[in-house]
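**Student:** Combine the two chains into a complex, taking the hints into account.
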Amino acid sequence: MSSNLRTLCSIGGAGKYADFFRFDWKAQRWNLTVVLGAIIGGFISVQFLSDGSEIVLNPETISDLNQLGFENVGATLLPSEIYAWDNVLSLKGMAILIVAGFLVGFGTRYAGGCTSGHAITGLSNLQLPSLIAVVGFFLGGLVMTHFLLPLIF
Amino acid sequence: MKLLKFLLVGIFFGIVLVKSEAVSWYRIYEMFKFQSFHMYGIIGSAVILGAISIWVLKKAKLKSTEGKEIYLPPKDKSFVRYILGGSIFGLGWALAGACPGPMYILLGTGVFSMLIVIGAAILGTFAYGFVRSRLPH
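Quick mapping for you: the protein sequence lines, in order, are chains A and B.
Sequential numbering of the first sequence, starting at 0, is according to numbering that gives the first Met the number 0.
Sequential numbering of the second sequence, starting at 0, is according to numbering that gives the first Met the number 0.
Isolated chain B (complex conformation) (with noise of 0.2 Å):
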């Protein structure tokens, strides 16, 4: 019951995602593109509206269902590994038309050859930890 809420929170990102057609794999072509307002029109408005729920999230304390007040651990300070690690995540990106959250909702939409790429993407995970002290960070 207590993990209720977190399967509303995905169903409703999975629904918001293929009504906005943000898991399509055309969307992103026509965005790297730059031929349409479509994308930057979604995620611009998810960081703004990101933005100032943190802001009020922060000026008022909020705490969260769990009571505890809700910290976002600030990110590690480093180039080399955002850089580089988003650069790999792009190419894959732009070839699979989805990123981590799409891959899930495209196989609830009954494309199940997307198991292929999410499978591919476990495995890109488990080369990353094994290799991963020996990458620049």
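The following block holds chain A by itself, in its conformation from the complex (with noise of 0.2 Å):
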């Protein structure tokens, strides 16, 4: 999936800065379809086969969460303390979904792949780099959980 960040790159003209971007992006075109699948794919799911109900979380994590100060957890997909535009059009709230987004494209390239690529291609064709990038991936996941989510909120 994360291979269609650099296409997008590609197709944005970023091979003038970088020969990381010149490349035939024309030949992705199938993997940029399964992105439009994905999206429609999202859009079907909750508007005809979903029945709202919450997502049934360990009671722990809520009150870990509601501690955190997170409220109606559970409710929805994502919680409005970072995604709802409330929250998003403020210094902080701008500030968390670009850092998070930049992070993920950064790092996914970087690693040569995502949770698909690595944690669920890679590990069933039993590749040793993705068992080290899924090792990361926990790091960094863990780091960002238990020490910085609780100094962000």
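It cannot be assumed that every hint is accurate.
[Stated by the list, open to error] Below 30 Å or equal to it, Euclidean Cα-Cα: the simulated DSSO-like pairs (lysine-lysine) are:
| id | chain 1 | residue 1 | chain 2 | residue 2 |
| --- | --- | --- | --- | --- |
| 1 | B | K4 | B | K18 |
| 2 | B | K57 | B | K32 |
| 3 | B | K18 | B | K1 |
| 4 | B | K60 | A | K91 |
| 5 | B | K60 | A | K15 |
| 6 | B | K62 | A | K25 |
| 7 | B | K60 | A | K25 |
| 8 | A | K25 | B | K57 |
| 9 | B | K62 | A | K15 |
| 10 | B | K58 | A | K91 |
| 11 | B | K1 | B | K60 |
| 12 | B | K32 | A | K25 |
| 13 | B | K4 | B | K58 |
| 14 | B | K67 | B | K57 |
[Stated by the list, open to error] Which stretches of chain A does chain B cover? Using the computed rule of at least three CB atoms under 8 Å from a CB of chain B, they are:
| id | stretch |
| --- | --- |
| 15 | 42-50 |
| 16 | 54-66 |
| 17 | 78-90 |
| 18 | 95-104 |
| 19 | 141-148 |
The set of hints was computed from the structure by calculation and includes no laboratory data.
Using N, Cα and C, we set each Cβ at its ideal position, and we do this for glycine too.
**Tutor:** Here it is, written out as structure tokens:
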């Protein structure tokens, strides 16, 4: 999935700035089509295949998040504390989304793959590099969840 | 028309990830807190099924829809890029609660603020391409 980000850079003309983006992006049309399908799949799921039921989380998770100031935990897919426009359109809220996206985009290309490329396909293909990448995913994720999120919220 | 099968794969992928709640920020948080088997079950079963599929692909020398043999290139041997890149990715994953696939899916569910995350991810990818030659790999 993450290689589409590189393709989008290439389409946007990033090849002018770095060799990394100089490739025939048209050969990646199939992958962009999967992205388009994923967007449609998301739309179909919420419009036609959801009854609005809550996400049944571990009660401990809910109380941990309540302590951080999150409300209505599990009522929707994403916390309004991060994704609702009221919060997004503040300096802090905007910074959270931009930093998060930037880290994902930078890290995934540096590591050469994301959850789909390394954790699922790479591990399925018994690739040691993918296992190292997944260990990295968890190192970063654990640091964010246990140490940084309590500082941010 | 040739692209239709990819569109269908994408739609299926999107529906499965929404219905399994793998696109939920809360599920990612819960996973990193080790408070539920949920995400481990999803990823674990995907890996087991994937491993069996790849084993069958190789054994039976199955061909793709284009009639070519399916070849999965081995990943380059290295340590630094995977552990560093992976950790940077992990920090962003736990903060955004979404990795590159779910970002698009969540946009489809109507979360338009996700466009900011996607835009920033494109910017992050661009930044990597820009400094790539100066990073240890």
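**Student:** Now tell me, hint by hint, if it's right for this structure.
**Tutor:** Hint check:
For the suggested pair K4 of chain B and K18 of chain B, the alpha carbons sit about 21 Å apart, so the restraint of at most 30 Å is met. The suggested pairing of K57 of chain B with K32 of chain B is violated, with an alpha-carbon distance near 37 Å, which exceeds 30 Å. Distance hint between K18 of chain B and K1 of chain B is fulfilled; the C-alpha atoms sit about 27 Å from each other, no more than 30 Å. Taking the CA atoms of K60 of chain B and K91 of chain A, the gap is about 53 Å. The hint is violated against a cut of 30 Å.
Of the supplied pair hints, the one linking K60 of chain B and K15 of chain A is violated, its CA atoms being roughly 40 Å apart against a limit of 30 Å. Taken as a hint, the K62 of chain B and K25 of chain A pair is honoured in the structure, with Cα atoms around 23 Å apart against an allowance of 30 Å. Restraint check for K60 of chain B and K25 of chain A: the C-alpha separation of about 28 Å stays at or below 30 Å, so the hint holds. With a CA separation close to 28 Å, the supplied pair K25 of chain A and K57 of chain B stays within the 30 Å bound.
As the CA atoms of K62 of chain B and K15 of chain A are separated by approximately 37 Å, the hinted pair breaks the 30 Å bound. Between K58 of chain B and K91 of chain A, the direct Cα distance comes to roughly 53 Å. Violation of the 30 Å bound is thereby established for this hinted pair. Between K1 of chain B and K60 of chain B the alpha-carbon distance is near 23 Å, which keeps this suggested pair within the 30 Å criterion. For the proposed pair K32 of chain B and K25 of chain A, the alpha carbon gap of about 41 Å is over 30 Å, so the pair is violated.
In summary, the hint linking K4 of chain B to K58 of chain B is supported, as the alpha carbons are separated by about 24 Å, within the 30 Å threshold. Distance restraint check for K67 of chain B and K57 of chain B: the Cα-Cα separation of roughly 13 Å lies within the 30 Å cut-off, and the hinted pair is therefore satisfied. A stretch counts as covered by a chain when three or more of its residues have a beta carbon under 8 Å from one of that chain; for the stretch 42-50 of chain A and chain B the count is 6, and the coverage holds. With 7 residues having a Cβ less than 8 Å from any Cβ of chain B, the stretch 54-66 of chain A passes the three-residue criterion, so the hint holds.
Counting residues of the stretch 78-90 of chain A whose C-beta sits closer than 8 Å to any C-beta of chain B gives 6, which meets the bar of three, so the coverage hint holds. Interface restraint, the stretch 95-104 of chain A with chain B: holds (10 residues with C-beta to C-beta distance below 8 Å; minimum three). Only residues whose beta carbon comes within less than 8 Å of a beta carbon in chain B count, and the stretch 141-148 of chain A has 7; three or more means the coverage holds.
Of the numbered hints listed earlier, those contradicted by the structure are 2, 4, 5, 9, 10 and 12.
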